[in-house]
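Undergrad: Sequences and hints are given; from them, build the entire structure.
So the protein sequences, as listed, match chains S and F.
Under the working numbering, think of the first position of the first sequence as 236, with each following residue one higher.
Under the working numbering, think of the first position of the second sequence as 236, with each following residue one higher.
Chain S stretches covered by chain F per the calculated footprint, using a threshold of three residues with CB under 8 Å from any CB of chain F:
#1 396-403
#2 470-481
#3 635-642
Listed next, the in silico BS3-like pairs over lysine-lysine satisfying Cα-Cα at most 25 Å (straight line):
#4 Lys-412/F <-> Lys-412/S
#5 Lys-337/F <-> Lys-353/F
#6 Lys-468/F <-> Lys-472/S
#7 Lys-483/F <-> Lys-483/S
#8 Lys-472/F <-> Lys-472/S
#9 Lys-468/S <-> Lys-468/F
#10 Lys-483/F <-> Lys-472/S
#11 Lys-534/S <-> Lys-638/S
#12 Lys-275/S <-> Lys-483/F
#13 Lys-374/S <-> Lys-412/S
#14 Lys-472/S <-> Lys-638/F
#15 Lys-275/F <-> Lys-472/F
#16 Lys-472/F <-> Lys-483/S
#17 Lys-353/F <-> Lys-321/F
These aren't lab readings, by the way, just hints derived from the structure by calculation.
We put the beta carbon where it would ideally sit given N, CA and C, even for glycine.
Given next are the chains, with one letter for each unit.
2 protein chains.
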Amino acid sequence: TGSNEGLPGCGSIDFTVAVVLPAGGSGERTGLLTPKQFCKFLNRPLISYTIQAFERVAWIENIVVVVAKDNLDLMVNIVQQFGHKKVTVVLGGSTRHRSIFKGLQAFQGRGDESPLTKPKVVIIHDAVRPFVEEDFLLKIAVAAREQGASGAIRPLVSTVIATTSEGYLDHSLERVKYRASEMPQGFMYDIIYQAYVQCSEADFEFGTECLHLALQYCGTNAKLIEGPSTLWKVTYKRDLFAAESIIKETLSQAACVVTGVCAESTQLAHALQKRLGALDMQVDIISTLLRSTGKFISKSWNFIHVTVSNSCLEDVQELVRTFEESGHAVLYPVVLILVQLDVSEQSSASERMAMLGAIRDVATEARRRNILLYGILLNHVQGAEKWQEAVENLSQITAALIKERNPALTGQLLWV
Amino acid sequence: TGSNEGLPGCGSIDFTVAVVLPAGGSGERTGLLTPKQFCKFLNRPLISYTIQAFERVAWIENIVVVVAKDNLDLMVNIVQQFGHKKVTVVLGGSTRHRSIFKGLQAFQGRGDESPLTKPKVVIIHDAVRPFVEEDFLLKIAVAAREQGASGAIRPLVSTVIATTSEGYLDHSLERVKYRASEMPQGFMYDIIYQAYVQCSEADFEFGTECLHLALQYCGTNAKLIEGPSTLWKVTYKRDLFAAESIIKETLSQAACVVTGVCAESTQLAHALQKRLGALDMQVDIISTLLRSTGKFISKSWNFIHVTVSNSCLEDVQELVRTFEESGHAVLYPVVLILVQLDVSEQSSASERMAMLGAIRDVATEARRRNILLYGILLNHVQGAEKWQEAVENLSQITAALIKERNPALTGQLLWV
Ligand SMILES: [Mg+2]
Ligand SMILES: [Mg+2]
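TA: And the structure:
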């Protein structure tokens, strides 16, 4: 990081940018006991996904996460467990505005702590909006640099109406003249910091809009930029469901088939590639993962290891070790499907039972490392039509395992 | 239906109520090609779930669904396939208001069609808000009867801001004074019908709020009632994900374990009941489903058939036939899990292979009837601790199959 001039993909960012992420909310609206930013899906709390969205942006230097005292240890553990590198955790205040101000103060070096470098621009975001993307952050940062302040807006979803004090319709607003104010918002650091220094106790206690403070105390009219619908705020339990489904769908978009050198495996891999392609999955085929030094491992969260007869468990153990060493499964569970093409037709039932036992043992170990291992045994049936049908079934089962990422089904040997 | 005075659960509804459901939208915001009201999850289009929400309310007599010409055949097929009994499908107009007016006209008996009986109160709702519940519909209907018009409102999720013509912040609205106008809305039929008769071409072309028309043309100030968050509108793809997850969660709340008369089955059933209970599932145990004449069948969408050794496939076939005859699987896929407790320890691998083949054949047939059949083979391991662990694994797998309802995994024999 540091100075980013001329780096590809950094757009026109030639100034320093940091993020403040207030994460003190209690989340009573989800209907869950845990504050929603700490609710987990795929074994990871929502706030870690949001942090990751900023951490992968090269021109963002620091992320200050502001939490309530009760959640301080939890947050420090999350940063450690998921390997977040740009995060500083600080204690919040009793309201949202007080927490944001505390976050901004982390760049001022109060007391004897060594301060973070004061950025030119600070982006303020919600911990519960995990799908913010680099291109939009770039727009917000550049507009904040140019105008002093900037904020995401969205068209209104519903008509907004004014009500009488007795609960009757008074009038409805003209929808085209208004927008919903969302996050992220961007500010010249000095502007938003001065706004907080000057603002009243009433602002700290009841205010919600940072944009409003910048306008009132610094005379800065924020530039408003329409953001994508993916900026939405995870508020209710249904939003957690939606977020989990979106992450699962994203993880399922690509798979890598590893074939070894056997001709039959390669043929099956190509048939799978075609059919998974029809299910909107992008499939790469390679002969071995072990010699590809991370190139394919980092591209996908799903691996299908195709072998002929039962020579493969050692390979699979080695694959599991490779994933472990790469740290690839820290952020998301990796799916590893072992497809065994049974060409002999005489392989006995007891051989198959032995294979099941072996897979189960490897799977139990792998699951502890966030690697989900499943086995599929494919009988080589005679006749083109029956074979087509078998491959179609294999594809359906493979796609289902990848999409659902269910830990309870690991170690099973399925049959096609 | 008809007159409902004094019926338990009908509250104070002593007047006739019908529903108009405009379903003409094109749904470009979901990012999908299909209009969102016709997008499917669990094999059923969204609009059928919404229709079902009204159809199960005893005091609602008619549901008029208004569709675009292109979707007329599709809609008629949906009504037939899912057995909707209270629905009349009519052709819509070129805008939302024109479509609602067409829906209202279905109660006027134009031309030579035999008209629907004109209701005292009409509820207007969106086809893409499937989770509306009877208690809220009751509030809306009663308030419409008393005040002439009523509408659901929700607190604003985001701050609403006014923008300058150059895209800068002008001012933000005081959140407490405003509400989001949602659906359903209720009207005295004569009031909303007269409002449409009198309204202008501009209203038909550009208007969105029925409440506004009732106010402008009939002087009726609608009573506004805060609704639950579940009234939200399915707008984006993530909302379809959320709706699917909510339905799946609801279907997974209860299961029924069928044991036969064997003591070991009954014992296992009680262990399962306890552990599934810890996963928030309400479990009933019965000895046989076949003689219970629909009582348990209608209560649950999940059945776990526990048997000892392989005597059970005929029972399962008979269960599948029972579900078929009951029509239970028309609206939702029914999960049927065959748990076989293997106490002999000598049952050979080839016997197990035979069982797999048999399950698969029954499952293929059952799946065509929306019945998802899975097999689980449980080895009776020695030692209390190992047995506890096995039962825990069984519960995890059972819960996963029930929660995911995945057709691709039917016919599999899983192993614990
Ligand atoms: Mg704000
Ligand atoms: Mg309306």
